Amino acid sequence: MDLNLTEEQTLIVGMVRRFVREEILPLELGLDPDASELPAEEKDRLVALTREMGLYGLGIPPEYGGPEIDLVTQTLIAVEMSQHRAGLYAPCYGAFGGAGLAQLFEATEAQKERYLYPTLKGEKRGFFGLSEPSGGSDPARAIQTRAVREGDDWIINGGKLWISGADKADYGLVFARTDPDRGRNGVTCFIVDADTPGFHVRRIVHTLRAAHYATELSFEDMRVPSANILGKVNGGFAIANDRLTRQRIPYAAGCIGVAIKAQEMALDYVPQRETFGAPLSTRQGIQWMLVDNDIDIRQSLWITLEAASRADQKQPFRKEAAMAKLVATEAGGRVVDRCMQMFGGLGVAKELPFERWFREMRIRRIGEGPSEVQRHVIARELLGASFR
Amino acid sequence: MKVLVPVKRVVDYNVKIRVKPDNSGVDLSNVKMSVNPFCEIAIEEAVRLKEAGTATEVVAVTVGSSASQEQLRTCLALGADRAVLIETDADAQPLGIAKALKALQEKEGAELVIFGKQSIDGDNSQTGQMFAALTGMPQGTFASEVKIADGRIDVTREIDGGLQTVSLKLPAVVTTDLRLNEPRYASLPNIMKAKKKPLDVVTPDELGVDLTPSVEVLSVEPPAERQAGIKVESVEELVDKLKNEAKVIS
Ligand SMILES: Cc1cc2nc3c(=O)[nH]c(=O)nc-3n(C[C@H](O)[C@H](O)[C@H](O)COP(=O)(O)OP(=O)(O)OC[C@H]3O[C@@H](n4cnc5c(N)ncnc54)[C@H](O)[C@@H]3O)c2cc1C
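As they're listed, the protein sequences go chains P and F. Residue numbers are given in this note's numbering: position 79 of the first sequence equals residue 79, and the series is strictly consecutive. Converting from the second sequence to this note's numbering requires adding 388 to each position, the first position being numbered 1.
If you're looking for bench data, these hints aren't it; they were derived computationally from the structure. It is possible that part of the hints are untrue.
To be verified - List of simulated lysine-lysine pairs, DSSO-like, C-alpha gap at most 30 Å: (1) P:112 - P:168; (2) P:314 - F:584; (3) F:438 - F:583; (4) P:121 - P:232; (5) F:581 - P:121; (6) F:557 - F:495; (7) P:124 - P:232; (8) F:583 - F:420; (9) P:43 - F:581; (10) F:404 - F:420; (11) P:350 - F:404; (12) P:350 - F:619; (13) F:557 - F:438; (14) F:495 - F:390; (15) P:314 - F:583; (16) P:121 - P:168; (17) P:314 - F:581.
As the list claims (entries may be wrong) - Here are a few chain F residues that sit away from chain P, every Cβ distance over 10 Å (derived from the structure): (18) 439; (19) 533; (20) 536; (21) 566.
As the list claims (entries may be wrong) - Partner residues are not named here, just some residues of chain P that face chain F (Cβ under 7 Å, in silico): (22) 7; (23) 8; (24) 11; (25) 15; (26) 55.
Note that this is a predicted model, so its numbers are computed, not measured. Cβ atoms here follow ideal geometry from the backbone N, Cα and C, with glycine treated the same way.
Looking at chain F on its own, in the form it has when it is part of the complex (with noise of 0.2 Å):
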């Protein structure tokens, strides 16, 4: 079974972000930037049910410019085969992602396909659910923990009051959740491995895809600065303020 993980090159989650002084988007120079960390979680994944004999080949792809290079010779440290890198220097949206995933997928051919639920920089959560919806793959998003048996994928999902388990028909689609796995740290040999893996570069006009992107961002402001809290004297007051001010009880 061939299992394929788009993964993201993003801020690290460590980086306290400023935004642009013209407000056009997240000022990104000498920003450290990382694999997304969900995107880890799904490589683990991946990696995983090929340690464990289910997967035969886990190949990583990912869609941008050609810096995502190093995220992907992460990927290949961690585990995968080999490497995939959509090329475009143009701002990669969901939409378009999901696009040049499904084309790539026409060629590979692969029975799993493992996303990270969303990327800590937009926190979109949509290319994994595009990615099926173009392809007709069934899915299921926010995956706890996954099971493989018999052509067929069991799911336990984490929704809102609780855990459900679908159970999808390969090939399938997932997106992972926080709680799917720890990914390992790379390891020094296998970090020098990485550099004799196959990475392939391959154009959006090759794969036949448009990436123009189809959401046009108007302005990136940062959060409200939080107001600082204040002290109250006694549970009375306390519960007042949360009734009439707050109103977060009644």
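So that you can see chain P by itself, here it is in the shape it has in the complex (with noise of 0.2 Å):
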């Protein structure tokens, strides 16, 4: 077995890496330290050099338009693209483009063309709502937005908590409950315009996250043709499984970067720091920090390769890429806040990328499955049928 990159992994990696550093760090300096998105003219210049690059719109299936190129080194990627400030939430503030919403390649023709095509083309926003103030984790049940049939229309009426970015979306995705006896198999998904009569953005729901903050979202006698189901009547869980499950692995690649970058700053760091006559590289309780965090790192990083690599090789893989999202956010977790704790005041300070990562980095643990559902996941495929 080589665990060795590819010379072209290696290539691309480099190309990457170099990017960060001389695109987006400097750039970075100057902008707010909550900033998510750059001013509109570099966005475009950074986008033309992805472009040439031939990475434009990375995780794009490439029948969409996206690159050939396979999960494994789109994970090293997305490992390279995360190693700055606003790397958890907003990678290189978008220059490599978005794959927009796993559901909306299942869609038919007539939805791809309104939806999918202007989203990637980044010409379109969507939201996903699917979370309700009952609940998160366990969806299936916890779905209490209504939706129901009028000749060829759908009358929603209900609300969602926690969606991200809906109130600069021009659509969305809305789960909303279609058979009310039926459980899992009673929900249906609807593409929603986010401007429907009846489409309402409450409230900015203020969390940890400054930049992409959370809203929640009321419907409130919402029409929607039949034309905007995605997928199937009461079938709103069954689309994009596979796809989902992909995503935890770029999700889980995101953090090692970040808590890649925030132990290489603190080897830097250490030694030139003096503490008591000496510097504090020379102290075993420092020593040790920076040791576990070396292990976080390679521990995450592994497990969310060998995720990708099944992928990649058309192996069963929704246990492994669970154990890297669960791995790698409560690995990032710990790496970032040991080396708050190594920096000191400058740890908690603005002027440095620590704090934001610590907040960014805790929401990781919740977004996305929250560790305790990743587990769960992971006993069933241990368990098979004795699970419950």
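If you follow the hints, you should be able to join the two separate chains into one complex; please do so.
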């Protein structure tokens, strides 16, 4: 077994590393510590560069115009792309483009024309509306938003909570109950235009993540045509499972990139900083933090690459993807926390990226399926029929 | 016109280097290595000449261990057509490298050889000049602009106090300064293509050159730590200190 990168992977990683170092880090110095977007002209310039590199639209399947690149290599790229202050939720400030919502790839051609393609071109934005005040871990049971059929339309009433970016979106996916008696098999996914009468963004929900805040939505007699059902009626949870599982892998990779950068900064700092007459790097208490960081980084990296490699080889990877998400978010949190400690007051100052990483990394253990839900998925895979 | 571009594998410019505890050199274990930035500029210039139709072939060459293949692949991904590794595990020094390159040039017969002006490890700034002397080719060092026409190359050089333009008859040697161009990013398709481009390996023996080092390194020391600065109360005090302590003005 050869655990080295291929020659091409080394070159691709090197190219993205240089991009972050030469394009992103200098720009970021001039931005607000919580910024998640670049001025339009800078963004356009960087997008032109990533297009030249042939890496624009990373994560978009090749048949939709994305680069021809396997998931292992994408993971390695995602690890590089996140190595800056905004790296967790805005890696490279979107210069590599975005894949949009996974479910839209399963849409009808007419729906794709209207929503997917404009999103891939960066002309439209969509939100993902699953969680509700009644709970996000187990949406199949928690969803109370109702959709009732009226002729060829559906009337939706209810609301959503924690929905990222809905106030700036042109449309979104709304999961609503269409059969109250069928649990998981009674939920349908609707594509809803943000200008539909009855669609309201009630408030911004402030969290640890200052940029990309969440919102609360309410729907009052919102009329949506049948043509806007994504997938089948009562089949909302059957769409894009595989793509959603895949998404956990770059999600984990972003945490690993931030952990690598934090550790790099700490390794640079501790030999310079003196206390009680000697550099911090000579203290075992500090050395062991660095050691634990290195172990945390490695375990998350290898577990995540394994998940990616299994996906590339068309082997089952649900368990491994859940582990990657779980391990990388938790290890990433520990690494950032230890690095903050080594930097002392500077560690919590806005001048350095740790405080933003610390806040955003904390959310990562909750968003996209909390740690407990990942453990639940892993346990189910391990135990099969005797799970319950 | 064939362009030969000698490049060097060096410690990445972003790495904080450490001197080995026994002062025998710089610790290179587990350190990221890259193409020397000035050599990247040289590759970029050669590729631009090819894109402009002036050059027909760009050949990247390096003298070093087999690990240097990684840097040659980078050059191929950046647009070089083929690469040659003159493989040696010896500590390659400017004179030895220049001799090996001369032997290669005798086989290749390039009309233009573009070096980086120096490599960021040893900062010698010697190899290009030694190569020019050994081959008898005219040289234009520290180039910030080059123009090729009618069998000649005009090289604008960055010199102390300004710019100087020299006109050289081809075949000629150029070494690149920082402002000659801004190297591009490799692209995914070109990285994939690089794999299929030829990379030949030759030994110094095959070229009939001896790379035995002629310079012996006695000891490598890190630079002295900088002293902390001080705050002055007034302009008068500043002038006084610059005059009498720092002695930088009189
Ligand atoms: C900043 C932010 C942005 C978000 N953006 C979106 C978005 O765009 N779209 C969207 O749909 N959602 C979004 N979410 C919601 C997120 O997905 C949910 O918060 C998450 O799924 C958890 O749901 P919950 O908050 O309702 O917690 P609950 O479901 O109430 O769970 C509470 C806690 O109990 C734990 N728990 C649950 N079940 C078990 C069990 N069986 N055993 C042990 N412990 C358990 C959970 O892990 C959690 O820690 C966002 C959340 C945040 C904070």
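Hints versus structure:
| no. | hint | in the structure |
| --- | --- | --- |
| 1 | P:112 - P:168 | holds (20 Å) |
| 2 | P:314 - F:584 | holds (27 Å) |
| 3 | F:438 - F:583 | holds (20 Å) |
| 4 | P:121 - P:232 | holds (27 Å) |
| 5 | F:581 - P:121 | holds (27 Å) |
| 6 | F:557 - F:495 | holds (20 Å) |
| 7 | P:124 - P:232 | holds (24 Å) |
| 8 | F:583 - F:420 | holds (21 Å) |
| 9 | P:43 - F:581 | holds (29 Å) |
| 10 | F:404 - F:420 | holds (10 Å) |
| 11 | P:350 - F:404 | holds (25 Å) |
| 12 | P:350 - F:619 | holds (26 Å) |
| 13 | F:557 - F:438 | holds (19 Å) |
| 14 | F:495 - F:390 | holds (12 Å) |
| 15 | P:314 - F:583 | holds (25 Å) |
| 16 | P:121 - P:168 | holds (16 Å) |
| 17 | P:314 - F:581 | holds (26 Å) |
| 18 | 439 | holds (14 Å) |
| 19 | 533 | holds (23 Å) |
| 20 | 536 | holds (26 Å) |
| 21 | 566 | holds (14 Å) |
| 22 | 7 | holds (5 Å) |
| 23 | 8 | holds (5 Å) |
| 24 | 11 | holds (5 Å) |
| 25 | 15 | holds (5 Å) |
| 26 | 55 | holds (6 Å) |
Comparing the model with each earlier hint shows no violations; every hint is respected.
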